[in-house]
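K.L.:
One letter stands for each residue in the lines below.
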Amino acid sequence: AAGDSDLQAAADAAGLQVNTTPEQDRIHTAENPAAVKLLPAEFAAKDTFKVAVSAGGAPPLTFLADDEKTPIGNETDIAQLVADALGKKLELEVKAWADWPLAVQSGDVDAVITNVTVTEERKELYDFSSYRNDQLGWLVKAGGDITKIDEPKDIAGLTVAVGSGTNQEKILLAWDKQNTDAGLEPVKVEYFENDADTILALQSGRIDASFGPNASAAYKARVSPKDFAVVGTLNGGWPNTAQIAVTTLKGNGLVDAVTVALQGAFDDGSYQKVLQRWGLEAEAIAKPETNPPGLPKTE
Amino acid sequence: MSGGHLRLHGLRKSYGTLEVLHEVDLEVRPGEVTVILGPSGSGKSTLLRLVNHLEKVDAGFVELDGELVGYERRTTRRGEVLRELKEKDVLRQRTRIGFVFQSFNLFPHLTVLENVVEAPVSAQGRRRADVEPEARELLTRVGLADKADARPRQLSGGQQQRVAIARALAMRPSVLLFDEPTSALDPELVGEVLDVIRDLAHGGTTLVVVTHEIGFAREVADTVVFMDAGRVVEQGPPDQVLSHPRHERTQAFLAKVL
Amino acid sequence: MSGGHLRLHGLRKSYGTLEVLHEVDLEVRPGEVTVILGPSGSGKSTLLRLVNHLEKVDAGFVELDGELVGYERRTTRRGEVLRELKEKDVLRQRTRIGFVFQSFNLFPHLTVLENVVEAPVSAQGRRRADVEPEARELLTRVGLADKADARPRQLSGGQQQRVAIARALAMRPSVLLFDEPTSALDPELVGEVLDVIRDLAHGGTTLVVVTHEIGFAREVADTVVFMDAGRVVEQGPPDQVLSHPRHERTQAFLAKVL
Amino acid sequence: MPRPRAGQPRAVRRHRGREGTPVTAVAAPPTAAVAPPYAGLRVVPARHPGRWVATAGVALLLAMVVSSLVRNEHWEWDVVATYLTWPSVLEGLWGTLRLAATATVIGFGLGTVLALMRLSRSPLLQSVAWGYMWVFRSVPLILQLLLWYNLAYLYPELSLGIPFGPGFVHVETLDVVDKFGAAVLGLGLSQAAYSAEIVRAGILGVDQGQHEAAASLGIPRWRQQWRVVLPQAMRTIVPTSVNEIIGLVKGTSVVYVLAYGELFYMVGIIYGRNQRVVPLLLVAGIWYLVITTVLTVAQYYLERHYAKGALRTLPPTPRQRVLALLRTRGHLTRVAQGGGRA
Amino acid sequence: MPRPRAGQPRAVRRHRGREGTPVTAVAAPPTAAVAPPYAGLRVVPARHPGRWVATAGVALLLAMVVSSLVRNEHWEWDVVATYLTWPSVLEGLWGTLRLAATATVIGFGLGTVLALMRLSRSPLLQSVAWGYMWVFRSVPLILQLLLWYNLAYLYPELSLGIPFGPGFVHVETLDVVDKFGAAVLGLGLSQAAYSAEIVRAGILGVDQGQHEAAASLGIPRWRQQWRVVLPQAMRTIVPTSVNEIIGLVKGTSVVYVLAYGELFYMVGIIYGRNQRVVPLLLVAGIWYLVITTVLTVAQYYLERHYAKGALRTLPPTPRQRVLALLRTRGHLTRVAQGGGRA
Ligand SMILES: Nc1ncnc2c1ncn2[C@@H]1O[C@H](COP(=O)(O)OP(=O)(O)OP(=O)(O)O)[C@@H](O)[C@H]1O
Ligand SMILES: Nc1ncnc2c1ncn2[C@@H]1O[C@H](COP(=O)(O)OP(=O)(O)OP(=O)(O)O)[C@@H](O)[C@H]1O
Ligand SMILES: [Mg+2]
Ligand SMILES: [Mg+2]
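Chains as they are written, first to last, in this note's numbering: chain A, 102 to 400; chain B, 837 to 1094; chain C, 837 to 1094; chain D, 7 to 348; chain E, 7 to 348.
Don't take each hint at face value.
[Unchecked claim] Calculated from the model, a selection of chain D residues having no Cβ within reach of chain E, i.e. all distances over 12 Å: (1) Ala121; (2) Tyr200; (3) Ser201; (4) Glu218; (5) Arg233; (6) Leu329.
[As the list claims (entries may be wrong)] Which residues of chain B face chain C? A partial, calculated answer using Cβ under 8 Å: (7) Pro875; (8) Lys922; (9) Ala965; (10) Thr976; (11) Glu1016; (12) Gly1027.
Read the hints as simulated data drawn from the structure, not as lab findings.
Quick caveat, the model's predicted, so the values are computed rather than measured.
Positions of the beta carbon are idealized from the N, C-alpha and C atoms, including for glycine.
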């Protein structure tokens, strides 16, 4: 793991306790009989709880440890809590982002826990048990002209990168519309598939800002303070609030068990410990919900 | 390898609007040597290609030993018909008909020996060990023993032609079609190669030779056929056709011979 | 197109360990017709290829009108040297030397007319409008006026050979090298094509003809060269070489002529 | 093809040509002298019972595939239908076509030049071409694209001037290469390396005698290649080139790293939003199928064009085949006739 | 090649052969009779002053590129060095090689069969091959991979039995295709469609006379293809195939959608974690360069092998060239000699 010692050192320097080794020593919770009771028969019979996480993710939400195999991060730790509460062994499966919908629908995995935001459109296909606020952040190049982004007019005329199909995109487009309606310069939107491509574009000055999950933005800013800075955050549901949730196949009955399981972890404090571990305390929610209101459908 | 009996009935062949052969009839009896003479473009090569079924006829039939080349007679519910043969069967028929191309068409990636050995082994299923000595013997007869391991492109024109002849002979066909087998040979070799061909004739193989060597025709042929513009103008024993041609066109042609 | 003066000095050529030409010297004076005879594999085609610089010599030189083919004399600081010519200049030299291949090598994708017109236009920079009537005229002379728009593969062997001849003639070279120009022709056409060649000779073009037609050698040649195994065995006027050969090898060769 | 002359009643029969084309021909009435015993028999094509069984099998399989495509609701054909002509999909399609076309032109233009360089006599040209192919076939396209697009990251400023010395003209790198530019550069340059090998392979396949004939006529070198060698090489270049072009059309999808709006990128954005992965990939697939079909048809006619001269007789076009079939369908009697003397 | 006989002092001179190979030859001493005026002159190679200038230019450019590669710290060569032999990078490399090799075998195996089917006489085989190529050249690889991998999504259960009737054997689809299986299937099947065109193009390039000669000898059809046609076609098939294989090696990176651990995926994981995008892409690039180099060398010898017979004389190998150069460097006097009579 010597090669990543830079990363480790930088994180340490930033005051983050980041463990990127495969030995994660994850936070655990006790088995939750109430949750186990809610499990549909089909799942009750199994010993394992199979969860998909995305491979292309970025620290600290989901990424791979120094062995490039073991998925680690906040989301995997949440998955651990759910599995513990359900009394199952956790089995993590790394999937490409494009592949997870099919993995859930084909029954290949029981749940997806990889920063999936609840939307009304997705609710047609999946059930959700929320566990985190969708906090978004504006990442810019450190030492540049942009020092704050709090409201639509701050981004007029900028080139902004955003993930396609994310709710960040929707917000960005809404802000842009406000701007153009107000006669301000339009935003130039760039879609990048990969977090790393965005980083490179930011460094080379191709884009002025990247709009994405605050978790990874803050992490980058803290790891390389001389390169990046976060100049603003807002809730992913803007103007409402949006939540991140455990995703299961619609109607297979798993969702209630998962929500109860999460509730247990909220109650015994293990949930808060997980968020602390990855520096995400700011994104904690009060209680998990089954199918909370999602981001509205567009078009 | 006894000679085959070849009969052509009313062969016709056109390319687009150009009628290359009009109604050619010909009979070549077993063991006979038939020499085809005729001006360039008169359809001699085309005729040989039709016999070999390399090109389909527009009308007419080729019969080898009473068997149709490319067709078979079959009685079906709706009476007797001629059914076209499958490619596999046509290929089988061709192993009995040797063909030496005017342009040789040797296999450039194989050595001379492999060129000669290939067909007997793969088309006739003979054992390589049996065929090889025979092939070397043939190469020796055409004066190419030392070139067995060369590749065709490393040979002179005359050497290539001799390989092509050896390749056809190695099949021990019952009918051999030669398209100008001595065009690239010097007079010395012409003599030698004709000796080989003559041996074949005495061995009973039926030969059809397209050539411009009137001398050869006179000496070896049982029948000389003179073709012009896609028709058989005159045919008969060499004596008659070459020395006392009845047809004007034949007379004119022979008069030009140096 | 007056004839070129061709001189070969001590040409040698080997392929691997096989020495194909040993020390060949030859002089062909302007407007003369030299016929090269010799058994198959004696190196005749190789000799012509060397003259044309299609193959590099191992030793020796080819001189055309006092100019070295493939080299130039240059005075440098370190004295006089022979510098190899750039490809461009070799190509320029070749436009003065016509070559008819034993295997024709026509361009299959071009029509007969285009085959003939190509070189005069692109190598000699003549105008297509001027060259085309001339090319048609040449094709008429070799009896192929009606095949001008056919492609080589649609022609009979003899027709292809005549196109190859027309293609070389269209360049109006000062030296013409023929490698068995009549091998695929019937006696009638041999006569006609030889007429064309004879006309050329009278027009002053220098001709080097490899052939097996002793009759032609006797009639047209100024000099007959007999080659065997890579050496010039005998050379002289046809009368002398063909009728009173001094060398044993020549005598044996001529004795076999049918 | 001989046609029946008026007033001379002749039997008409049909032979199937090599390629299965029916050829109508007229035979003269047999004379008593040589009339063979089978004159007058009908000619029927060869029987291939195995083929019929196999055809039936294939048809059945096809039916199964089609039925499963239609019946399995997971394909969500209604979603496919909605998005097939969705404005941004069409926009992406246009982006793909524009990119592929430009990259093809650059790729094959530069590729042909590189191929000729590798086959030239000059060691310098040879090595430059070799080096180019070596590097550009090796470097992952994605790296190239990122580098071109983010040139500013590596070199914030480009300067023109004396190598290792002072520069005269300075340009802000960001202004030089835009998204389309980076995509076209990346795709075109790497395509050139592949195309060069294809062109070279085609040239290698041309008979040595052709090079020699051209050289012996003194035709200048570029003209030898252009007029004699390349047209013959095209016969093998065309099919592999179409391969490459199809690959390029689909390969444009790697420019997603530049967030360039081509078909695949657009489809990805849509399924990223609505999670309908399979039907949206089908939308892309259908458009690719259309493009491939157009290219395949073009290929067929190009191949035919360049087969002229390589084949003694060209096989009939599909249109000719259909016409010939229609023409002969009228003749019910096809009778074999050995001919008599003319 | 004639060698100097002992006791006969002969001048040695050098000609540069066609391919720039020095050929040492010995000429007999000129006899007075024909000794040409230039006998005895040194033979020197043609001058190409333009080439020297161009070579210098290229060398300078190269130096600039290299210097910029070395000096620009954004390339982060230390990071490259660390990760070049990183265990999981090597593992990814192995994954790539394994995948590419298997897909190549499947692709070219099936591709050759498809090509022969398309060139066969049977309309059925022709259409099946055509249809296969049409579909598999069109369908985006990513769609294919996703479908294979998630077959269970579309068909939760596979059954073997009577078409449209009852099934006999039922298999849980999830068990049938694993990650490697899906990747190999997807890559191999689509590669087959492309390879088929390459093989067919090669066969088209073989002279028609060769097919005719083989047919006239009655050689069975499969043997005609195998023994006569394909070996000659290989001359054009080899370069384009190496193209495809290199493409395949790099193309394995699309299996990222399966999160299969090949080189590119591994590199992506690492730069996703540590944000060192460019140096990690360079790591991948360097490995691809190594693979390409190995393939290029193999290609050189394969091409040479199949050139036998197509060329009158094979050009010397690089090794032979070096040896020949070393051998002639000893001779300082290279003098032109017109020969006398032997
Ligand atoms: N594929 C073709 N398409 C069109 N015409 C053709 C084709 N093949 C041959 N021909 C023509 O058919 C005629 C006869 O050709 P063939 O090769 O049979 O002549 P030949 O008698 O062998 O002549 P030669 O003695 O010159 O070889 C020629 O006029 C030729 O141009
Ligand atoms: N590339 C080559 N490699 C090896 N040997 C060769 C090569 N080219 C020619 N030869 C040999 O050189 C000798 C002379 O060949 P050449 O073609 O000059 O003969 P030729 O006199 O023209 O014979 P022909 O009358 O049969 O055409 C032959 O023995 C031939 O096998
Ligand atoms: Mg002929
Ligand atoms: Mg010769």
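K.L.:
All hints are to be evaluated individually against the structure, with a verdict given for each.
P.N.:
Going through the hints against the structure:
1. Ala121: Non-interface label on D/Ala121 violated, nearest chain E Cβ at 10 Å vs cutoff 12 Å.
2. Tyr200: 5 Å, violated
3. Ser201: It is violated; D/Ser201 is separated from chain E by about 9 Å at its closest Cβ, not greater than 12 Å.
4. Glu218: Given a closest Cβ separation of 9 Å, the condition is violated.
5. Arg233: Answer for D/Arg233: holds, closest chain E Cβ roughly 19 Å.
6. Leu329: At roughly 17 Å from the nearest Cβ of chain E, D/Leu329 sits farther out than 12 Å, so the non-interface label holds.
7. Pro875: Holds, about 5 Å.
8. Lys922: It is violated, given that the least Cβ distance between B/Lys922 and chain C is near 27 Å, above 8 Å.
9. Ala965: 29 Å, violated
10. Thr976: 15 Å, violated
11. Glu1016: Holds - the Cβ of B/Glu1016 comes within 8 Å of chain C, reaching about 6 Å at its closest.
12. Gly1027: Holds. Min distance 5 Å.
Hint compliance for this structure: hints 1, 2, 3, 4, 8, 9, 10 are not met, and every other hint is.
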